[in-house]
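> In terms of this note's numbering, the sequence shown opens at residue 237 and continues consecutively.
In case anyone wonders, no lab produced these hints; they're calculated from the structure. Ideal Cβ positions, reconstructed from N, Cα and C, are used throughout, including at glycine. Some hints here could point you the wrong way.
Unchecked claim - DSSO-like cross-link-like pairs, simulated, lysine-lysine; straight-line CA separation at most 27 Å: (1) K583 - K520; (2) K583 - K502; (3) K323 - K308.
What the hints assert, rightly or not - Estimated spans, in silico, between C-beta atoms of each pair: (4) E371 - Q609: 47 to 55 Å; (5) D646 - P586: 28 to 36 Å; (6) G461 - L423: 51 to 59 Å; (7) N391 - T368: 17 to 25 Å; (8) P387 - Y440: 55 to 63 Å; (9) Y440 - G337: 26 to 34 Å; (10) L414 - S292: 12 to 20 Å.
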Amino acid sequence: MDNRGVDGGAKDGGFAILGSGVGGLGAANQLSEHGIRPKLYDMRPRPGGLTSSFGSGDGFTFDEGVHISFTKSDRVKELFAASTGQKFETGQVYCNNFWQGHWIKHPAQVNLHGLPIDLVVDCIRDFVAASTGPEPEIRNYEDWLMAAFGPTFANTFPMLYTRKYHTTEAANMTTDWLGPRLYRPNLEEVLRGALAHEPLDVFYVNEYRYPSEGGFEGFVRGLYGRADIHCDHEVTRIDPVAKRLSFANGRGAEYGKLISSIPLPKLVPLIAGAPADVLEAAGKLACSQSVVVNIGINRPAESRAQWSYFYDEDIPFARVSYRRSLARASVPEGCAAYQAEIYFSDKYRPLTGTPEDWIEPAIEGLLKCGLVQDREEIIHRSAIWIPFANVIFDHDRRPALDTVHGYLDDIGIGYCGRFGNWGYIWTDAAFLSGERAARRALGAAVTAD
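Please put together the full structure from these sequences, using the hints given.
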């Protein structure tokens with residue numbers, strides 16, 4: 237056994253956290269409030285996880301995809317604000333949609349005004365028929381879309397977006413992820429949105445916050461001091477009996493209580509003695525991956541929107557965020573920048589080529605929709621690869637997740653964050669899930685004592 241750099245902890249009930257994203261930081265924060273300083277391990281050279289922000293060296297700052305805070309938790313607001321030194325932007329969320337040359341406010345179902353008349357008529361006709369007909373059996377997300385909107389709208393907008401964003405068909409997805417994400421209007425709202433320009437505000441996000449400088453990571457950077465953070469520590473083995481961690485760098489660590497935000501399909505194979513059925517279940521959990529293409533241009537390109545959705549199948553990206561709209565300090569003076577998200581998944585749509593190979597198709601899409609006017613104005617281009625982007629709620633998810641979580645509960649490994657909980661949760665929910673995991677671990681520690 238290689239005993240180089242063994243950290244203590246098992247005998248004194250020390251707490252270890254795997255993953256320094258917002259879920260792991262939530263766990264660290266809760267433990268810190270109880271006077272405990274946990275050890276936090278991350279495989280990357282710097283903390284932050286998906287909340288990380290990066291300076292490009294030429295004046296641009298980019299995040300790992302679209303990130304804003306719209307939490308309603310006053311405590312989380314205060315923590316995030318304190319992390320920035322009270323330097324953050326506040327605004328009203330405005331996002332829109334691009335479809336075949338048309339820009340309309342989001343959500344599209346109550347903003348049909350300005351689209352081709354035949355399409356609007358067909359959408360309304362189908363919506364009335366779906367609303368007044370017998371209630372159908374809802375077996376999957378496609379059934380829900382047809383019942384909520386009728387076939388014309390469903391096939392023109394959300395079904396196409398599902399393939400681009402979730403990388404699979406709507407019929408292959410459940411509906412337990414929806415929550416407030418897809419607004420189901422009444423007939424009056426549909427008619428008003430068809431007859432008038434942007435008459436309604438029904439989006440589930442209203443006010444947002446974003447750090448004035450340094451990108452979204454500013455909201456969590458101030459929390460790094462809640463733990464002893466060890467970067468460049470990729471876990472290669474977890475022994476839940478000996479309560480020992482092994483890392484790719486040759487080091488090891490003992491723990492008393494363990495909380496993980498590592499994605500479950502990666503976590504379970506690391507656990508010594510994991511049963512075959514649990515390994516099989518973990519392998520069935522699907523998530524999307526993302527190539528985020530960063531484009532900087534040499535003009536301001538003012539936009540009211542913070543981000544936009546794209547439905548055209550010949551445009552590779554599903555969503556674009558506008559860096560200047562979030563914080564002017566994210567771009568050099570007189571410039572603008574876009575982040576275009578292109579989605580893949582090992583299970584349904586594997587990545588072809590390299591992330592950099594998708595920079596040119598993204599530029600072509602930005603030219604087509606007019607966000608970039610000429611190639612000569614591009615002064616920055618780069619790509620970020622995100623191997624875990626969003627959980628895919630396919631029909632395998634629920635039974636597989638029950639098996640995996642049941643096993644982790646049995647062996648005393650806590651879990652948190654988007655990919656520990658394996659849920660469609662936002663930043664604040666991920667943070668709070670870490671705090672809940674810490675409270676559970678604290679309760680178990682007290683019981684054990």
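> Broken hints, numbered, in rising order?
Failing hints, ascending: 8, 10.
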